[in-house]
Structures are given as C-alpha cells and as structure tokens.
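Novice: Given next are the chains, with one letter for each unit.
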Amino acid sequence: MEPKSIIHIENLTKWYRGNTRPAINNISLDVPEGQIFGLLGPNGAGKTTMIRILCGLLSPSTGDITIGGYSLKHDTGAIRKIIGVVPQEIALYPTLTAWENLVIFGGICGLKGADLKKRIDNWLNIFGLDKNRNQQVRNYSGGMKRRLNLIAGILHSPRILILDEPTVGVDVHSKNVIIENLFEINRGGTTIVYTSHYLEEAETLCSYLAIIDEGTIITKGTLNEIRKAHNTESKLEEIFLQLTGRELRD
Amino acid sequence: MGTIRKLVYKDFLVLVRDRGGLAMLFIMPMALVLIMTSLQNNTFKAINESGINLILLNNDSDSLGQAIEQEIVHSNFFNVHHEINGKKPSENEVREAVAAGNYQIGIVIPVDATRHIRGRVKENVLKIFSGDTLAGPDANDSILIMLYIDPATKNSLRSTLQGSIREYSARVESRIVFNELTREINSRMMVNLPNLNTIRQEIVHYREEYVGRNNRTVVPNAVQHNVPAWTLFAMFFIVIPFASAMIKEREDSSLARLLTMPCSYASILISKVGVYLVVCYLQFALIMIMGVYLFPVLGLPALDLHGRLFSLSVIAIAASLSAIGYGVAVGTIARTHQQAAIFASISVVILAAIGGIWVPIFIMPGYMREVSVISPMNWGLNGFYDILVRNAGLRQVIHYALYLVVFSAGCLLLAMCYHKSRKEFS
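Read top to bottom, the protein sequences are chains A and B.
Its first residue numbered 1, the first sequence is counted upward by one per residue in my numbering.
Its first residue numbered 1, the second sequence is counted upward by one per residue in my numbering.
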C-alpha cells in the first residue's frame, strides 16, 4: 500500500524577480508520511527555494502545496504549528544562553511551564549541551551551535521536521549524534524533509529521495526504486553524477 | 499573548546583553542635550553678560563721549576696553585690533564731537529766533562715529549696536537743543524759565511680556528651548540601532526561524516597538530629570516642566512611536547595515533640520517653512514648545501626538507591505 502523503506539491513554480528561468519549474511531488525524505541536488538546483517555500518564507509564483492537510496559501498559521525548521544557518540569538534561546523558541511554539523545562533538559542532555546551558551561544563551538540549532527546531515535537543541511561543517562526533537522533525522532512518527550535499549521509538516512536539478525533479522514489529506474546498482553519488552531469555548478 | 510575551522577553534580553549599545542609547542623548544646551546657554550669556569685547576710543571729553561710554558700559552687553597693551590706542590701532579679531567691535568717537554738536545747535536756534531758514544737513558739518566690526560678528549684533549709538547720540543732541533753547528764550524774553530739559520726558514707554496660555507668564531661556529640541533629535537617533538590530536578526536567520513558527511578522514588530518604546521613554525621563535637577548644579537654568509631565509624556511617547516606526521601515527596507546606518543618520539629520531643531522655523525661507510641516520632529517640537514655553495643556497639543502616531502607523504598514512583497516577489 502506498504510504499516505503528508506534503503534497502540485505544479509548483517559483520565479525570482529579474531571472530568465524559474528557480522551481512546475514541480509536483508527494512526501510520504513518517519517512525521511531527502531532497538532493547540486548548487543552485532549487533545493533552498523549495525548503523556503515549504516553510512559508517565500510564496510560490504558481501551484498549490498542502502540508498535513492544510493549504499553504490559506492556513499558514496551522502549518507553522505542525512544522519544525532547522535552517542551514545558525538561527539562534548569539548573546543569549542556550537555555534562553530554547525557552523563547519553545514558548513561541506554545510550550510552557514544566513541560517546556523538561523538554529542554532532555534535549540538552541528549545532545551533550547540558553543562553549557547557561553559556552564551556566541561562545559555543561550531558543533555545539549546530546541535543547539537542531534542538530549537525539534523541541516542540513537530509532525514534520524540515532540515536544510543540518550537518554542514560539524565534526564526526557531532554528525553521528545528529544522525542518530534524527532516526530516533523519525521513529517517534515525525516526517523529516532533509537536504544535504553529503550523499553518503543521505543514502544512510533517507528512506525516500528526490533529486532536483535546474528547478525540476529528475528522479524520485526509494533508493532501490531509483536504482531500478536507472538500471544501476551504483551508490547514490554515482547515480547523482550520472543524472546531474559532472560539470561544476555555481 | 504568550507569543508576544516571549518575543518581548527575547528583545529585552538581546537589548540588555549589548551593554555598550545600551549605554550609548542613554549616555549619548544625555550628553547631546547637555552639550547643546550649555553651548546655546553660553551664546545667550555672551550677548547678555559682557561677553563681547569692545574697544572704545573716546576722543570727546564732553557730553556725547561720556554719554555713549556710560550707556555702553551700563548696557552689560560688552566687555569694554579703553586701552590696548596698557596705553590709549590710535584710531588705526583700534581698526587693526578689531581686524586681528582681538575685539569684536571698536568704536571711535571723534575729537570735540560734543562741541561740534553744540555749535551747530546754537547756530540753528539763533537762526530760528532771527527768522532765518534752517539749512539742510551738511555732510561736512556732521560728526562721524566710527564703528569697526569684526567680520565674524553677527549682523544682528551690529544692528543692535548701531541702533543703540544712534539713540545715545539723539539723546545727547536733544539735551543740548533744549539747553540752548532755554538759554535763548530766557535772554531774549527776559524771563527765567526753568531748563526745558526738565519737561522733556519719555512719554512712550514699552513693557515686554512673554505670553503663555491661561494668563501664565513664561520666561523662555536656553534650557526651555533646547532641551525639547535636542531630546527629540536624540530620540529619533534610535532609528539607527533599531534598524541595525532588525537587519542583524534577519542576517543571522533568527528572524527566518521565528517566521516559520506560530508567530506573525506583526507580532515580531509589536514586541520590538514595545521594548524600544520603553527605552525611548526612559531616555526622555532621564533627560527631563537631568534638566530639572542636574542643570542647576551645572550653572544652567533649571528646566521648568510647569507641572505638565503627563502632557509632555504623551508627546514623548507619540514621538518615540514615530521614531521607532521610522526605524521599523528603515530596518525592513534596507538590505544591509551600511544602507540602514547611512540612510537613517542622514534622513534623521534632514528631518531635524527641516523640523526646526537646529534653526527656528520662523527664520527659514518661505518654501522651507512649508516643507517643515512634513517632519515628524516638527510636530513633536511644536508639541513640546506649546507645553514648555506657551503653557499649553494636553488638549491643545493632542493633535501633534495624533500626527506622530499616524506617521508611526504609516511606517509600520509600509514595513509590513514591503515584507509581504519581498516574500512574494523576491
């Protein structure tokens, strides 16, 4: 049986002002519920634009998107309650402590009181930041900031977690903790939409994949389905290069 | 409400953690108001309290020279000198000393000026009594008092001085005329009339009164004029840190994260406006406290609030909203810190200039007076002046507060529309 779709994208197009071609060109896509969905593509393929549209930070030029049964056009408020976003940038307040950042972001997501504190304690503990909870974020290492950036997106246990390059620039230890916990979060029922340049990581993590290039989805499905569609047993990286070409991208 | 509370908590923490920035938000405006008021007060004093150096060469040993000298000394406008390097100067030395900037003004009263006047008057009186026609003024016959003026001296001072000397001379001249007339009448008519100077009296008098509303007299001074003006200017400078804080939040993606949460752009703005409104009001309150309590300690006149703190607060809050609204618009529309800082600082200076902060509106050229009404600083300044100088109540100034709030709302609306368009069309 086909898994139920939690994100439904239909004929999505996005033009940026002054560009001669669309950043997203008539994409239709379904993200199955409960899966870890990897959106992969070279630089400038349209991944970040797609993520920003899904988060409600950009409006599509044309097309419809439904997230968790809510229309992105009409029910933005409802969608914001069920998604969690972990941007590629460290989207935290550097002069605030980890605890203060999480109290603020958790509070805005509707958490409060003992529940909020318990969740913060739990995640800080899991990601090894418990001892640094009262330290200002500007004094954190890159890996610590990246882990805290993730916690801020998952604290309220969203139904859908959108991750844009969550492991970029972190050491192996931090990366392992992040990946392990993403599996754990997914096992709890959260659908994860994930973009990355690390194809090996995507191959390990994602149960469903789509490769985007020049604003168009060029292949999608489980890794096995993609291999089958392209008659290959190669690793994801080889398939990726085969589909997107080997020339440099900006 | 919970969201707004968390946002306010966040904005408050971000603000107080930047201790240097916070200190500047309070110390710089207070320093600005203190310095500008002291400067203006000293300028005021310079004119009123013997601040202007004047070298007087009185070559006339009679009435005219004495009268002018006495009037100048007693006017308290000038610091009068009679010697240069310990000796009486020549006219040329007076001229050179003024040209060198050692004195702002030099006055040379010619030799025998009084005798000259007396002779001329006597001649005319005799002509009148003998039925002859009086001759018109003759340039060769008149006396010439030289005024040497440093080019750096203000024109208004020169006019005042000319007017005063003309008045002193006329007074001396009329006294001589009356003396001569008395003498001539007594000798011709064989009578003993008292000196006509005794019936000469000033019939026209004038009295100055600074009028305020409600029959209350308000005496203006440098403090009453400068504190509101520079307070407003300082309050509007909050545009720069405010816009910078917005751009920083946008650049480090914290704003993007907030916008993916159950939190609208409007609530983000409301929180910021609320926190910075408190900052602006505290700035205002500290400056008022400084004006009332610290200025007298520093030798400045105390700021007189006329018991109108509530009315002043209404205008201050409206002006703060206006400044913050402007900051929101700049912070939303500007793409970089540099853009925001340059645009905000220059535009605030322009708004201050056309709003009458630096130069009073009434001395601006006609077209500038019309332009001045578009500056929110002009509305705030009029509101403050009406309260502090014209003794107006809240009802008389509420329209200024309304203009300021509408300006703020317009800026916020512009920012929200721009934010929406960026989301849709960028």
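One or more hints might be untrue.
[Stated by the list, open to error] DSS-like mimics (lysine-lysine), calculated; alpha carbons at most 25 Å apart, straight line:
(1) 4(A) to 228(A)
(2) 220(A) to 235(A)
(3) 81(A) to 122(B)
(4) 423(B) to 73(A)
(5) 73(A) to 420(B)
(6) 175(A) to 235(A)
(7) 248(B) to 420(B)
(8) 4(A) to 175(A)
(9) 4(A) to 73(A)
(10) 420(B) to 81(A)
Simulated from the structure, these hints should not be mistaken for lab results.
Novice: Can you confirm whether the C-alpha distance between residue 73(A) and residue 420(B) stays at or below 25 Å?
Specialist: This hinted pair holds, its Cα atoms lying about 13 Å apart.
Novice: Does residue 175(A) lie within 25 Å of residue 4(A) when you go C-alpha to C-alpha?
Specialist: Violated. Residue 4(A) to residue 175(A) sits at ~30 Å, over the 25 Å cutoff.
Novice: For the pair supplied as a hint, residue 248(B) and residue 420(B), is the alpha-carbon distance within the 25 Å limit?
Specialist: Holds, at roughly 19 Å.
Novice: Tell me if the straight-line CA distance from residue 220(A) to residue 235(A) falls inside 25 Å.
Specialist: holds, 15 Å
Novice: Checking one constraint from the list: CA of residue 4(A) to CA of residue 228(A), max 25 Å. Satisfied?
Specialist: holds, 22 Å
Novice: Under the criterion that the straight-line Cα-Cα distance not exceed 25 Å, is the pair residue 4(A), residue 73(A) satisfied?
Specialist: Distance of about 21 Å is within 25 Å: holds.
Novice: Given the hint that residue 423(B) pairs with residue 73(A), does the C-alpha gap stay at or below 25 Å?
Specialist: holds, 13 Å
Novice: Does residue 81(A) sit within 25 Å of residue 420(B), going by the straight-line distance between their CA atoms?
Specialist: OK: residue 420(B) and residue 81(A) at ~20 Å, within 25 Å.
Novice: Starting from residue 175(A), check that the Cα of residue 235(A) is at most 25 Å away, please.
Specialist: Holds, at about 21 Å.
Novice: Is residue 81(A) close enough to residue 122(B), meaning Cα to Cα at most 25 Å?
Specialist: The given pair, whose Cα atoms are some 104 Å apart, is violated under the 25 Å limit.
Of the numbered hints listed earlier, those contradicted by the structure are 3 and 8.
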